[in-house]
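**Student:** Spelled out from the first residue to the last, the chains are:
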Amino acid sequence: MIHPIPSGTRDVLPEETREVRAITDTLRAVFERHGYGEVYTPALEYESVLQRADMADARPAYRVFDESGAVLVLRSDMTVPIARVVATRYASSDPPLRFCYFAHCYRGVRPQRGQPRELLQAGIELVGSPAPHGTAEALTVLCHALDATGLKSYRVGLGDASLFPALMASLRVPEHARAQLLHALALRDFVGLELSLSEAGIAGEAAALLLEVPQRRGGPEVLADAPAQAQEAVTGLRRVHELLDPAVAARVIFDLGLVRHIGYYTGAVFDVYDPALGAPIGGGGRYDELLARFGPSLPAVGFALGVDRLHMALAGEERGTGALLARARAQEPERVAEPALVADSALEADPAREADPALVADSAREADPAREAEL
Amino acid sequence: MSATGGLTIAVPRGALFDGTVDLLAALGLDTGELRANDRKLLFEDIGVITMRPSDVPTYVEAGAADLGVTGKDVLLEQAAQLPGEGGREVYELLDLGYGRCTMVLASEAGPDPAVEALRRLGVMRVATKYPRIAARHLEQTGRQAEIVEVKGSVELAPLTGMVEAIVDLTATGTTLRENNLVVRERIVVCTARLIANPVAHKLKAAAVDDLLARLRELPAAARGRGAPETPDLLASA
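Note that the protein sequences, when read in sequence, are chains A and B.
Just so you know, we're using this note's numbering here: the first sequence kicks off at 21 and counts up by one.
Just so you know, we're using this note's numbering here: the second sequence kicks off at 193 and counts up by one.
Quick caveat, the hints were computed from the structure, so don't treat them as lab data.
Since this is a predicted model, take the numbers as computed values, not measurements.
Ideal Cβ placement from N, Cα and C applies to all residues, glycine included.
Incorrect hints may have been included.
Claimed, not checked - Per label pair, the in silico range of CB-to-CB distance:
id: 1; chain 1: A; residue 1: A90; chain 2: B; residue 2: T333; range: 34 to 42 Å
id: 2; chain 1: B; residue 1: E338; chain 2: A; residue 2: S88; range: 37 to 45 Å
id: 3; chain 1: A; residue 1: R192; chain 2: B; residue 2: E236; range: 46 to 54 Å
id: 4; chain 1: B; residue 1: L233; chain 2: A; residue 2: R30; range: 28 to 36 Å
id: 5; chain 1: A; residue 1: E67; chain 2: B; residue 2: R369; range: 50 to 58 Å
id: 6; chain 1: B; residue 1: T364; chain 2: A; residue 2: A228; range: 31 to 39 Å
id: 7; chain 1: B; residue 1: L348; chain 2: A; residue 2: P62; range: 48 to 56 Å
id: 8; chain 1: B; residue 1: P323; chain 2: A; residue 2: S88; range: 36 to 44 Å
id: 9; chain 1: A; residue 1: I22; chain 2: B; residue 2: V340; range: 27 to 35 Å
id: 10; chain 1: B; residue 1: E236; chain 2: A; residue 2: P34; range: 32 to 40 Å
id: 11; chain 1: A; residue 1: A248; chain 2: B; residue 2: T367; range: 52 to 60 Å
id: 12; chain 1: B; residue 1: R328; chain 2: A; residue 2: A244; range: 38 to 46 Å
Unchecked claim - Within a straight-line C-alpha distance of at most 20 Å, the following computed SDA-like cross-link-like pairs (lysine to any residue) qualify:
id: 13; chain 1: A; residue 1: K172; chain 2: A; residue 2: A269
id: 14; chain 1: B; residue 1: K321; chain 2: B; residue 2: G302
id: 15; chain 1: A; residue 1: K172; chain 2: B; residue 2: G255
id: 16; chain 1: B; residue 1: K321; chain 2: B; residue 2: K232
id: 17; chain 1: B; residue 1: K232; chain 2: B; residue 2: A207
id: 18; chain 1: B; residue 1: K321; chain 2: A; residue 2: A269
Starting from the given sequences, assemble the full structure and let the hints guide the process.
**Tutor:** What follows is the structure in structure tokens.
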């Protein structure tokens, strides 16, 4: 019998689970080593509580009523729940606070687009550590974590959410036109941006800057050439860059047009790219105003990686299932000692596993799609 | 290879094909085989893949192509309609100017059957290949409409009485006139657009920017800017 599950969700079977677990165990070890303690929060939250945050395009998509009529939502990210936890449970603790998480989040999807409704995110939140040091720490943990998984060719696009608004303000763009320009940029529509500029009656050097600056991306020369009107954000990015180890700094691509779809970001924002995947693997940034919506005002920064996307990028770089563990061992001999990897390699080598009838049946079915269709 | 800096470009078959190939030729790409062989899909030696225009954003979004050319009509139809929905995750880099068409609302000549339907029945039926653009336009202009999606020859739908109006793309208005249809409203002008995968836009920034710069330097004629303006379609009503 075939019993369907909702599009954008899936069952994860043992072979994939082993690979995903190897990734999350590796990430967890790095997060823990940097002092980030793992937290769980409920998948269901009160809508009225999560609504305190400006989620923009990432707001919760699924609602249910509980027995008393209260509206519950399935969380769409972990940053907002952790902001709630900090306000509720750590009100009297001295910052900085460091948390990591491995949790499923729930998003609305467009049909037929292969988008996940349920996605496993791995991430950290660093609360109470302002820019530039907090940002540099988050980027460092991010790169160390990705390095540990064995991902080779990734880059981190680094921008600042305040850059374009500051540019508009200093170029005296009329208030009413700003939202539309920002909207075009968020849609990555430079043709639309040009059109909106001319509709708003902005011309000459101001229009040229507003159109051209967000398209600048590349090495540190991007910061050096940045116009005076963007200096505050650019200086912030330069300070972060100066704090990074050379190995981490080498991963950074400065991107003056980087805009993330979630509304609460205030300063530095970043996206992780890998040539093996057509979409970002994850990203994050500073959200210095979010905590104040739940409790004491604290600067904060964090990132989330899409574990499935990271898995796809690793597989894409390697081209071959199972190679993930082999590569992690080959590339970083010192990591062999890590319990997770040893346990997994033991499993791989265990001949008894091959004889497990359930697993044999599983792999036989996978190897024969025609038979599966008959079933 | 050097003409596109090693980038893979998704080229649309159909109405935008000739303009796109001319553009690639002007950039120095050897387009001989691309023009000659209309059954082949993958031209690896020049970094070109061909497909129907509506598939271009799909391939570019997935990273199967770094860049692509498609109509604004395709991008609008696949764009986010509601907040939080998320449109295609691609960059729209350049208006290439050619393939200029207008999305119009048209109905049979004479007293507008759509207006009559709206007045007497409170709802108009509209056939289209662009259900999202049509629905959004009618919603934004405050009219109740029942959208009927068809896959080809939209002009047939009002002639058979199935609908009172159509929303379709027209370049010259000839097909509409031949079917006794007149343009009632112009919704949006659409041209060919250069789009980019968001990851390629960052990781292959130099190649993308070099291509953009060379496209901008091309004489207007090669970019289709020399094409005649769309005739005033409303005037023909």
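**Student:** Return the numbers of the hints above that this structure violates; sort them in rising order.
**Tutor:** Hints 14, 16 and 18 are the ones this structure does not satisfy, whereas the remaining hints hold.
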